[in-house]
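Trainee: The lines below spell out each chain.
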Amino acid sequence: MATELGENPVAPVVLDVRDLSVSYGKVEALRGINLSIRKGEIVTVIGPNGAGKTTLLSALMGLLPAKGDISYLGEHQGTDRQVEHLVRHGMTLVPERRELFGEMSVEDNLLLGAFDRYRAGHRDHLETMDQVYDIFPRLLERREQMAGTLSGGERQMLAMGRALVAKPKLLMLDEPSLGLAPLIIKEIFRTIAALTKTGVAILLVEQNARAALHVSDRAYVLETGEISLEGPSKELARDPRVIESYLGLGHRH
Amino acid sequence: MDLQIVLLLGQDGITSGAIYALLALALVLVFAVTRVIFIPQGEFVAFGALTLSSLQAGKLPGTLWLLIGLGAAVAFADISWALRHHKMRRVPLILFYNCGVPILLAGYLLAVSPATLPQPVQVALTLAMVVPIGAMIYRLAYQPIAEASVLMLLIVSVAVHVALIGLGLLFFGAEGSRTTPFTDMSFQIGDAVLQGQTVLVVVASLVLIVALYFYFERTIYGKALRATAMNRTGARLMGISANLAGRLSFMLAALIGAFSGVLIAPITTIYYDSGFLIGLKGFVGAIIGGLASYPIAAAGAILVGLLESFSSFYASAFKEVIVFTLIIPVLLWRSLTSRHVEEEE
Ligand SMILES: Nc1ncnc2c1ncn2[C@@H]1O[C@H](COP(=O)(O)OP(=O)(O)OP(=O)(O)O)[C@@H](O)[C@H]1O
Ligand SMILES: [Mg+2]
Chain L
174 MATELGENPV APVVLDVRDL SVSYGKVEAL RGINLSIRKG EIVTVIGPNG
224 AGKTTLLSAL MGLLPAKGDI SYLGEHQGTD RQVEHLVRHG MTLVPERREL
274 FGEMSVEDNL LLGAFDRYRA GHRDHLETMD QVYDIFPRLL ERREQMAGTL
324 SGGERQMLAM GRALVAKPKL LMLDEPSLGL APLIIKEIFR TIAALTKTGV
374 AILLVEQNAR AALHVSDRAY VLETGEISLE GPSKELARDP RVIESYLGLG
424 HRH
Chain A
42 MDLQIVLLLG QDGITSGAIY ALLALALVLV FAVTRVIFIP QGEFVAFGAL
92 TLSSLQAGKL PGTLWLLIGL GAAVAFADIS WALRHHKMRR VPLILFYNCG
142 VPILLAGYLL AVSPATLPQP VQVALTLAMV VPIGAMIYRL AYQPIAEASV
192 LMLLIVSVAV HVALIGLGLL FFGAEGSRTT PFTDMSFQIG DAVLQGQTVL
242 VVVASLVLIV ALYFYFERTI YGKALRATAM NRTGARLMGI SANLAGRLSF
292 MLAALIGAFS GVLIAPITTI YYDSGFLIGL KGFVGAIIGG LASYPIAAAG
342 AILVGLLESF SSFYASAFKE VIVFTLIIPV LLWRSLTSRH VEEEE
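Protein sequence lines correspond, in order, to chains L and A. FYI, in my numbering the residues of the first sequence are 174 to 426. FYI, in my numbering the residues of the second sequence are 42 to 386.
Some clues are possibly wrong.
[To be verified] Quick list of in silico lysine-lysine cross-link-like pairs, DSSO-like style, CA-CA up to 27 Å: (1) K342(L) with K370(L); (2) K240(L) with K360(A); (3) K342(L) with K128(A); (4) K370(L) with K340(L); (5) K128(A) with K340(L); (6) K370(L) with K407(L).
Keep in mind that the hints were calculated from the coordinates and are not lab data.
All chains should be modelled from the sequences, with the hints used to inform the complete structure.
Mentor: Quick look at the structure:
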């Protein structure tokens with residue numbers, strides 16, 4: 174397959190995963206995963222519930238121990254990958270459960286997104302926070318409000334905003350459209366598409382396969398812990414197996 | 042009962058209440074951030090007080106050797122970690138903080154005669170010796186098992202407590218001691234006399250509480266600690282490592298403990314094992330706050346102080362019993378009113 178080449182085959186590879194497997198105790202949740210993503214690229218992983226998508230992102234972020242070969246920004250990674258180390262090098266995850274700081278204001282949540290950059294000596298968090306407020310004006314209106322009292326959509330915006338304040342090189346999004354109204358979903362995907370202009374690589378996990386395939390350059394289909402299909406998103410969107418399982422009857426092209 | 046006695050007892054109660062409040066805050070902080078029930082909190086009070094009195098007696102406090110020993114152990118642990126993770130660049134910094142600083146401190150103390158130093162310098166030296174020990178204890182005893190259950194962490198706390206009591210006896214002997222008062226001022230209010238030292242304790246405690254409030258509300262590191270207490274996974278994803286948060290909270294706890302010790306050292310005779318009972322009373326305050334709410338914990342601690350001072354007057358034989366019996370209705374009330382929360386995995 175010619176899938177190793179993304180939209181821009183000369184852009185440097187940000188993340189390269191070879192033969193990754195992850196287990197919960199004796200149960201193997203992921204097997205033999207090969208995946209790569211280049212700078213400025215949007216790669217999506219679609220798949221049914223329980224396929225292992227969240228497990229994949231957690232393992233990549235160092236939250237779960239994993240076997241296999243992972244290199245990030247050209248650096249080979251050992252077996253005990255440290256979340257803090259990866260954050261320092263620009264890897265950011267918006268987790269499925271969002272993990273906001275509920276009893277803190279929107280503003281403080283955003284500020285903590287910049288914690289590691291602050292600690293590393295950068296003092297540009299006010300600027301980046303303003304950029305986030307430009308993308309999500311709703312957050313600016315709500316900046317004094319406690320994160321725990323935000324609406325579902327506002328929480329998603331905050332989770333994504335908090336990740337953006339970290340100025341990621343690789344941004345991993347776990348179902349950013351979860352539970353959102355169609356209009357906001359459009360908005361979120363437009364934001365995701367616009368982000369790649371800054372050179373960030375985006376790894377997007379989605380239930381909303383249609384939107385995900387539309388916005389991404391390449392896609393992987395994950396089923397019961399293994400990658401069953403992969404390729405440029407445009408091609409996958411025409412693949413009868415994908416149409417049947419993920420795009421449903423509503424898809425007419 | 043006559044007003045003068047009430048004023049006197051109230052003064053006493055508020056003084057010890059202020060100290061218990063500080064300790065209660067430290068206990069809540071440490072528990073919220075690391076899930077450790079920090080039994081040795083009181084030992085930092087004793088170490089603070091006794092280290093200061095050693096200095097004033099012109100002796101080299103054993104605390105210094107403990108600092109050097111723990112520093113070497115931390116340096117060893119951190120350097121072997123750095124070697125395994127190919128982070129050689131960190132080695133000089135690790136050596137500087139854990140070995141260099143204690144040795145410089147020792148050199149300074151050997152060069153001068155500590156008894157002749159001005160009191161503020163003695164206090165600063167005391168804090169410089171005791172506070173890093175908090176972070177080092179976290180690094181050595183708790184960090185390797187940070188993911189363990191609350192019960193396991195509690196068992197380690199008991200072990201650390203016993204070890205520190207033993208070291209306290211070794212360093213300071215069985216005799217109690219007091220330090221020179223910071224002030225011998227006193228104020229006349231009607232018939233009652235207000236001791237300057239008492240006012241100092243209350244004011245200094247308030248200042249520390251306000252400073253801590255600003256630290257947690259206004260600084261990014263303070264917010265990071267609160268974030269860790271609220272959502273560990275979320276905090277890790279922001280690059281706030283559990284190790285950093287743990288060391289920071291233990292350092293603050295040690296600072297609060299040593300500072301309290303320094304404050305009460307002139308008005309109470311402190312023995313190597315006095316810290317435990319003092320810490321326990323802070324703990325009663327913290328329990329009233331459910332190990333979660335700072336203001337309620339502080340109010341509870343003041344209540345403990347007042348209760349203690351009035352019961353020592355009216356029923357002195359039962360004073361400890363009365364204070365610790367307070368915990369029973371509080372626990373009953375809490376267990377009846379609070380929803381049961383499953384322990385996090
Ligand atoms: N902590 C855990 N312990 C044991 N099994 C787990 C654990 N977390 C997830 N699993 C299992 O691993 C499999 C993959 O889960 P995962 O959450 O990665 O799926 P997913 O693709 O993200 O699903 P969804 O689309 O519903 O979010 C599931 O069968 C799940 O039950
Ligand atoms: Mg999932």
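Trainee: Take the hints in turn and mark each one as holding or not.
Mentor: Here's how the hints hold up against the structure:
1. K342(L) with K370(L): Given pair K342(L), K370(L) holds - Cα atoms ~12 Å apart, limit 27 Å.
2. K240(L) with K360(A): Not satisfied, since the Cα-Cα distance of roughly 60 Å exceeds 27 Å.
3. K342(L) with K128(A): Holds, at roughly 22 Å.
4. K370(L) with K340(L): Within the cut-off at roughly 13 Å; holds.
5. K128(A) with K340(L): Holds, at roughly 24 Å.
6. K370(L) with K407(L): Distance ~20 Å between K370(L) and K407(L) Cα, so the pair holds.
The structure fails hint 2 only (numbered hints given earlier).
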